[in-house]
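Student: The primary structure of each chain is shown beneath.
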Amino acid sequence: MQAKYLIRRVLLGLSLAGVMVVSVPAQAETLLSTEALVAETTQQDLRADISAKLAREDVAQQLTAWGVDAATIDMRLAQLSEQELQAFAAELDQAPAGAGALAVVGVVFVVLLVLELVGVINVFNAI
Amino acid sequence: MRFPLLNLRWCALLLALTTAGCATRGPVPPVAPAQSAAEISRTPFFPQDAYQCGPAALATLLGASGVEVAPEALVSEVYIPARKGSLQAEMLGAARKRGRVPVQLPTGPGAFEALAEALRADQPVLVMQNIGLKMLPAWHYAVVVGVDTSSQNVTLRSGTEPRLRTPFKAFAKSWAASDTWGVTLHPPDAPPPWAALEDWMQTVAVWSRTAPAAAAVAAEAATRRWPDHPAPWLAAGNARYADEDVAGAVQAFRHAQALRPSVGGAHNLAIILASNGCFDAADDALQAVDAAQARHPAMLSARDRVRSLSTQVAARDCPF
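Sequence lines, in order, name chains A and B.
Residue -17 is where the first sequence starts when you use my numbering, and the numbers rise one by one after that.
Residue 0 is where the second sequence starts when you use my numbering, and the numbers rise one by one after that.
Calculated from the structure, these hints are not laboratory results.
There's no promise every hint is true.
Stated by the list, open to error - Each computed DSBU-like pair below joins lysine-lysine, with the alpha-carbon atoms no more than 35 Å apart:
1. A:35 to B:83
2. A:35 to B:96
3. B:133 to B:83
4. B:172 to B:96
5. B:168 to B:133
6. B:83 to B:172
Whole structure, please, built from the sequences with the hints as guidance.
Tutor: If you want it as structure tokens, here you go:
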């Protein structure tokens, strides 16, 4: 009888201790991401990740247009840091516009130069 | 072999687009290395199919670093059908997915010497070359496995050639076209001497989302390699907290803040302290940030959270 009583006391104690142990550590707090901390201390200031989200969408859209299987895109982009994604998206934005505009300026210049040399126009007179 | 554009050793791909198009001068080739590096013969070889030099070169490099993977398994991660090639960023991403930290070699005139140094440290180097013309580029990934100063050749695993020997001069020129883009792969606990902090921390940041255990190892390794920079300590702080090592997390965040106070560090440190009943210490952590940053949204939200925790958690003798 005595032994049974003791075992019961010990079991009750243990189960209470178990409850205590489970309830003591505070619920984990939501912290700023490692990605944000690294960006603040290695690059720029701490900023909202909205631009990173937009960059992710831009890049995903481009990859889809290039024929990448849509089901794999999330997995592929998950392996890039936000900084890398933003650099990537910035390049997507700049590429066509930059090359196109320069080409046009170049063509116009050559045409003007030819016209000037053959004497049709005289716009470079002042130089 | 003399006409790289006429066979399928090359593969098109998108390079950093800013260099494409209108450059009038070619980039300056890096200076040839002074010391040889014996061929790293354990580097496997996977001949490429059609345009898929990216998957083949990456499988080669992963194999040398102890991760066995077939190129076919990498196609769905790095190949872009419409570009008939692979992006540099995605090559790095696929290496991360297999537990390796991609480390970029320093670029510029010293790049070739850095490449030879990596080879002497037994690390083959993934490179990107333009093996076509400047006007009609044919971008290509290959793996450099040896450098011989007496014959002035580098040895590459390239395309369908297991041991392609290319003269220094031609290699330097083809490599300079990609701004001497070169990458080695490393386990998370061993940053090599040529690793740059910013580069290493990119992988830590990605892994903190996708592979927390590897992120913790890579962050702790970074605290040993760059003990005087706050970024590794901040990453280690987050990793330790996620691993329920609260005392260790507090220590790491305090260390980071002592090196250079950051808003993010103050935010996380204050909240961890307050959730453990250390309200005075939490206030101190928030005070330590530069006055100019005191109104930063993250500071305001940290203050709010500390205030609301003070009504939920009993104050106690702070163990930290």
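Student: All hints are to be evaluated individually against the structure, with a verdict given for each.
Tutor: Now the hints, each set against the structure:
1. A:35 to B:83: OK: residue 35 (chain A) and residue 83 (chain B) at ~27 Å, within 35 Å.
2. A:35 to B:96: Between residue 35 (chain A) and residue 96 (chain B) the Cα gap is close to 21 Å, so the pair holds against 35 Å.
3. B:133 to B:83: holds (19 Å)
4. B:172 to B:96: holds (32 Å)
5. B:168 to B:133: holds (16 Å)
6. B:83 to B:172: holds (23 Å)
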